[in-house]
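2 protein chains.
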Amino acid sequence: MELLHGNAIVGQSGGPTTAINATLAGVISGAMNADCIDKVYGMRNGIDGLLADRVVLLNELFTERADFERLKRTPAAALGSCRKKLPKEEDKDYEATFERIIEIFKKYDIRYFFYIGGNDSMDTVAKLSKYTTECGYEVRVIGVPKTIDNDLLGTDHTPGFGSAAKYISVTMQELLRDTAVYTVKAVTVVEIMGRDAGWLTASSELGRVLGLPSPDLVYLPERDFNMDEFFEDLSAALEKKPNIVVAVSEGLRMADGTFVGESAQSGAVDAFGHKYLSGTGKALELAIKEKLGCKVRSIELNLSQRCAAHIASKCDIEESFGVGSAAVSAAVQGVSREMMVILRDNDPGEPYSSVYGHMDIDLIANKTKFVPKHFINERGNHVTDECLNYILPLIKGECYPEYKDGLPVFATI
Amino acid sequence: MELLHGNAIVGQSGGPTTAINATLAGVISGAMNADCIDKVYGMRNGIDGLLADRVVLLNELFTERADFERLKRTPAAALGSCRKKLPKEEDKDYEATFERIIEIFKKYDIRYFFYIGGNDSMDTVAKLSKYTTECGYEVRVIGVPKTIDNDLLGTDHTPGFGSAAKYISVTMQELLRDTAVYTVKAVTVVEIMGRDAGWLTASSELGRVLGLPSPDLVYLPERDFNMDEFFEDLSAALEKKPNIVVAVSEGLRMADGTFVGESAQSGAVDAFGHKYLSGTGKALELAIKEKLGCKVRSIELNLSQRCAAHIASKCDIEESFGVGSAAVSAAVQGVSREMMVILRDNDPGEPYSSVYGHMDIDLIANKTKFVPKHFINERGNHVTDECLNYILPLIKGECYPEYKDGLPVFATI
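Heads up: the protein sequence lines correspond to chains A and B, in order.
Position one of the first sequence corresponds to residue 5 (the numbering used here), numbered consecutively onward.
Position one of the second sequence corresponds to residue 5 (the numbering used here), numbered consecutively onward.
If several chains are the same, the list does not tell them apart, and a pair holds so long as it fits within one copy or across any two.
Computed cross-link-like contacts, DSS-like style, restricted to lysine-lysine with a CA-CA straight-line distance of at most 27 Å:
{"hint": "1", "residue 1": "LYS293", "residue 2": "LYS89"}
{"hint": "2", "residue 1": "LYS373", "residue 2": "LYS400"}
{"hint": "3", "residue 1": "LYS371", "residue 2": "LYS88"}
{"hint": "4", "residue 1": "LYS408", "residue 2": "LYS318"}
{"hint": "5", "residue 1": "LYS89", "residue 2": "LYS371"}
{"hint": "6", "residue 1": "LYS88", "residue 2": "LYS245"}
If you are wondering where the hints come from, they were derived from the structure by calculation, not from laboratory data.
Whenever a hint applies, use it, and build me the whole structure from the sequences.
Rendered as structure tokens:
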């Protein structure tokens, strides 16, 4: 195979994660080590910045190993992100947009294009590689996945998921301690990210397979939520002990498709006549207060799920770096229009190990990997041991940022 | 001075903190090392459990240094907590309650009583020491402070505050990264605990004195909140950059005394006709959406502020242990009816150091230490460098729990 000589460019897109910069560090490191790649550029704010020629030369910023280590432990997208989707062939700005990209590519002699992102970003990779192939501009285009939601097909799990799952499961251990100190009857509802897939909510139960405390009830969006069954479960739990903790996905829906948050708020308007959209946890808090009259609190774990670098998973950070670096190796070897994947390499029961691979983007883009049926118990109020044993290795190890005077020191590009 | 021989008992009361078990470890360790103290008991759920004779012998549970280290890094009250206040002299259950306590004291030969808690717990200490003195039962009664709110008088700062401030300031660094990745106009409102005093909200700005990112606007409950001025400040901030982060205390009030949350929700009812009490952050989110129409998100940091042991302050954990141990020394030396305090020992500009002391409980109980005027800027939308330099040493150092298979291992009593 002939080597393709030239420069590389890397961008980040979609929602931030704790591990997305580890992948960026992996791509930069891999590209700097590749003989056929000379310069490594970064696009600011993804494809948006590329179109505006907001491009930064990265080589000079990463001269020492410590620079990579700092970037690995820095949350959110250090190059900035965007939510832009490239136009389709039938869109009127199609030609102009892609011509502009080729113009920028030529300006910087870009022959390797790495895009770190979720589903929408894989769409960018697919469209760009199609266009460049058709117009005869030689460039290898690779997608590197990231999403805390773990809902991409083709990969055993997604970079970023492990750290989010670690934040959630560690925080859950602490919340279970905090909520257990009193003897009065009280329910705590913890709302966890996940509009469609319940992987993050499932991770809140990890303590159980380690013999540690775990939430009393766990509800995923893969199952229709039934309010009557929920109150049966809750009452049964309150018979046994005074403090109950319930973990719920933000995306919980009733059988008729309405979100739990939505339905419980149908009549709610504020002083200006606006509907309150307070979310699943708040809706359940109000419903429980109404029905049981006991102390209730709802907690939304919120953005920390995607940026809590202070309690990142070592497994996740190392793999996120590794898959970035592997993306460069694959591209150098001729791979293009593919998404990198992580494959679990061990037999069940053996110590966890993984390898990196790549897959045709068209098999992956715009699809969702749900928590499978057999990972959820029959009653739909817990996940199974099999599910937890699948997640457990992904939260192993702690990867702490460097601290100075009490606060973390993050990388800036 | 004659030595008082006998046993000790320790209890925890009020809301949990990350450091309250470090103080418990300090008391147990101190008592086990005191020659005049034989056995060390713990009361479960504070004075509530004492009255029910729910008492546990602690000596045997702490045989190794590792046992203390684990307890120090365990959040929330390991002995359980309560919110009980002891009756006043005019209450009809007064005699019966205190006689019952003396009965339990006699049963276990209790001569040292340590109560770890906030303001209400100091009330318990005051009443108990008064009764025992009057009835002639010899016991030394000492209060050891804990509160994340830092609002107790007499002490330079409260055990538990440093870890809460660290959680908040570290999380703020991460949120500032997360919210900065896009180029679209967006406001993020972060609601921080503190009904009356703004110490925790102030700590969200710590990054500023270290040259790190910090919130664009910071509002404390010590100042009346003015919605017009807020929108002036917010609009000015949005002129300069697209992503604005605002830190607010949950206790923000208007000039007329109504909570910001309350006032903005006056017309809001849910499907059952209940008023929504969504809090200050949510209320401001709705107001901003209404007025500016831009992307807005509110984040409530919630219970993690008082239990995030995974990012505790080393300074706080060590001092919380130290003040517990010092309480025993003081009691052995004859001190009673006092609350332990932490005194800052350095001149301004010199490296931080502290010593432990004690103060008459009556000077402290039922009073609140507010953030002083000169710690808040004139406009009331930031805290001063002096304020931040006061807080900064209290978040220094990281104290991590022990992890096994990815999750923290906490102590159980």
